[in-house]
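**Q** Top to bottom, those sequences are chains P and V. Just so you know, the first sequence maps onto residues 1 to 411 in this note's numbering. Just so you know, the second sequence maps onto residues 412 to 705 in this note's numbering.
Some hints could be false.
Unchecked claim - In silico DSS-like pairs for lysine-lysine, Cα to Cα no more than 25 Å straight-line:
| id | chain 1 | residue 1 | chain 2 | residue 2 |
| --- | --- | --- | --- | --- |
| 1 | P | LYS126 | P | LYS361 |
| 2 | P | LYS406 | V | LYS481 |
| 3 | P | LYS208 | P | LYS361 |
| 4 | P | LYS235 | V | LYS535 |
| 5 | P | LYS111 | P | LYS361 |
| 6 | V | LYS535 | P | LYS253 |
| 7 | V | LYS481 | V | LYS535 |
| 8 | P | LYS169 | P | LYS342 |
| 9 | P | LYS153 | P | LYS169 |
| 10 | V | LYS535 | P | LYS230 |
| 11 | P | LYS276 | P | LYS342 |
| 12 | V | LYS638 | P | LYS71 |
Think of the hints as simulated: they come from the structure by calculation, not from any bench. Note that the structure is predicted; figures quoted are calculated from it, not measured.
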Amino acid sequence: MNKRIIVAAVASALMAGASVAADVEVLHWWTSGGEAKSVAELKKMLEAKGHKWKDFAVAGGGGDAAMTALKARVVSGNPPTAAQIKGPSIQEWAREGSLGDISDSAREWDKLLPKVVADAMKYKGKYVAAPVNVHRVNWLWINQDALNKAGGKAPANYDEFFALADKFKAQGLVAIAHGGQPWQDATVFESVVLGVGGAKFYNDALVKLDPKAIDSPTMLKSFDTLAKIKTYIDKDAAGRDWNLATAMVMNGKGGMQFMGDWAKGEFTAANKVAGKDYACVAAPGTANAYTFNIDSFAMFNVKAVDAKKGQLDLATAIMSPEFQEVFNLNKGSIPVRPGVNKAKFDTCATKSMADFDSTAKSGGLEPSFAHGMAVPSATQGAIVDVIAKFMNSNMSSKDAVAALLKASKTK
Amino acid sequence: MQIRASADRWLPKLVLSPTLAASLVFVYGFILITVALSFTESRLLPNWEWAGLERYADLFDNERFWTSAKNLAIFGGLFIGISLIVGLLLAILLDQKIRGEGFLRAIYLYPMALSFIVTGTAWKWLLNPGLGLERIVQQLGWTSFSFDWLVNPDRAIYTVVIAGVWQSAGFAMALFLAGLRGVDSEIIKAAQVDGASALTIYRRIIIPTLRPVFFSVTLILAHIAIKSFDLVMALTGGGPGTASDVPAIFMYQFSFSRGQLGVGAASAVMMLMTIIAVMVPLMYAEARSGQGSR
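Between the sequences and the hints, there should be enough to build the whole structure, so can you do that?
**A** Pasting the structure below:
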């Protein structure tokens, strides 16, 4: 008698479990103001389609904490519907056999997405992830007042850049606002390699990791340029957060900063206007190139039929023009697909959109190395270690190239 | 009567068994899993394909691992050494039957109540050349004063020592103070009658009797040093660059953010080996001297 009640209870619990699995559960680490608003939008769209949204937000550590939680869930055989994973990590997860095919939602995507982007979302020719937004990394942010005082012309190459930096120094500013954290060092490095060597060289050296490109005079020159940039950074930069460096540019303490377009969020939050208070230009020598950092949701293997339906609807919703517009307005990035209403985007964003389209055609569209879009995390980490060491010691450019060559072979 | 006797036998075992089982599984079990992982091809997720010593080869070929090992040696040595000396000195000074001892003791012990994260963040601000000590001294008029250890790659690890000692010296002091109170006053009086100076009494009588306290303090500080993660993370973030990296940070980054679980596990095993290498001789020496005195 008692036993039967227990069996019934267990069975109903299991059934409840099964219906929970049909919810759309999304792992992400978008918990700050603008980002949280963007996620709420996605939730609304899915609930409109009759699915139940189950938020699985894990804050902190730039996603490290979330990844740890995700691994635990996948190993225990209970993956979420989708998780915020990007770049080659998508391939790593797919190789582990954890990702599911979402081709049914993605029939049109080949037409909508540039090829480099589409390839990053596919594993063995099948879509396994949906792209959310595009960040441009190779931006240079300049204080407009200081720039006007120095002649008003944004630098198009490194000679002009250093001339401008000298003028900023003469004005009593920290010429280059920078935060001495490894990923920020890598962000500057990536823009310098792109500016010194061009998109083709960038691709050979930092995406394909071709030893010939890495062990070359161009790479040596990139490190020399980086070494010179180092001399314009104040010594308090060690460990400074990127947004504090952005604040320096904003308050007129710093002249300019190399940073991706998430820096714009800081300017916007402080009611600063592009073209009046600050200038957003492509990093020196990179006007015809575009390093992208694309956030995406990787779709995990879900078995239940209704769960699969929810997953496909999620993928469709992510790529819809409405979601792309609202999300990216909140996040400060740009939509990944054409056909989105551009009216509400600001000048920096519209410039970013135009460049995204033109570089997609010209071949200057490259995955960002520093932000985990180009190479697997192990190799990226090893190379970032070299860059961080170079930025924080008196390592010579020649030694740096040799160390880079060794690091690029990390697997 | 008989029931009570048998209860005396099985009750302690019963009460202890959950703890025993839990630590067998969650401590020793996981140590075994980590050791096993360090011999596999594991990348993002555990993968039980045998790789022999390859992960250790990767680890020893990694310059960053050696940086972190060197930093651990510097930090561990100085942290334990200075904490012991400062703790002992404070304890001896407090033991001079001074007024307000309780109050002073609380002040010295207070840092222990903070977490390492708070300590690290506070010292980060204090030592930052543009915000803290250097700026204040310069504003007071000594304009050539410079103290930029926090942002100097060759000195950053020493700032971790400063913050660590600040936090833990009070704890060492408390243990030493307890030890000092336990020293038999008859022996000291006898020595005084024999005409020994205060210095000799401390050097020849009191400090040798504190031997077990030295042992306990070293044991506790050594494992704090080897597993230190939060203090370094908050204070320098392992920087500038990777200049103040320690094995715990290395292990965390390789296991969880770089998808090299195998290498991370190998470095964790090396940390375990370090702890064993430090602890076993210490415990062995202590156990032997304990037997000798009996």
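**Q** Indicate, hint by hint, whether the structure satisfies it.
**A** Here is how each hint holds up against the structure:
{"no.": "1", "hint": "LYS126/P - LYS361/P", "in the structure": "holds, 23 Å"}
{"no.": "2", "hint": "LYS406/P - LYS481/V", "in the structure": "holds, 21 Å"}
{"no.": "3", "hint": "LYS208/P - LYS361/P", "in the structure": "holds, 20 Å"}
{"no.": "4", "hint": "LYS235/P - LYS535/V", "in the structure": "holds, 15 Å"}
{"no.": "5", "hint": "LYS111/P - LYS361/P", "in the structure": "holds, 13 Å"}
{"no.": "6", "hint": "LYS535/V - LYS253/P", "in the structure": "holds, 21 Å"}
{"no.": "7", "hint": "LYS481/V - LYS535/V", "in the structure": "holds, 22 Å"}
{"no.": "8", "hint": "LYS169/P - LYS342/P", "in the structure": "violated, 38 Å"}
{"no.": "9", "hint": "LYS153/P - LYS169/P", "in the structure": "holds, 16 Å"}
{"no.": "10", "hint": "LYS535/V - LYS230/P", "in the structure": "holds, 22 Å"}
{"no.": "11", "hint": "LYS276/P - LYS342/P", "in the structure": "holds, 21 Å"}
{"no.": "12", "hint": "LYS638/V - LYS71/P", "in the structure": "holds, 23 Å"}
In terms of the numbered hints stated before, the structure departs from hint 8 and from no other.
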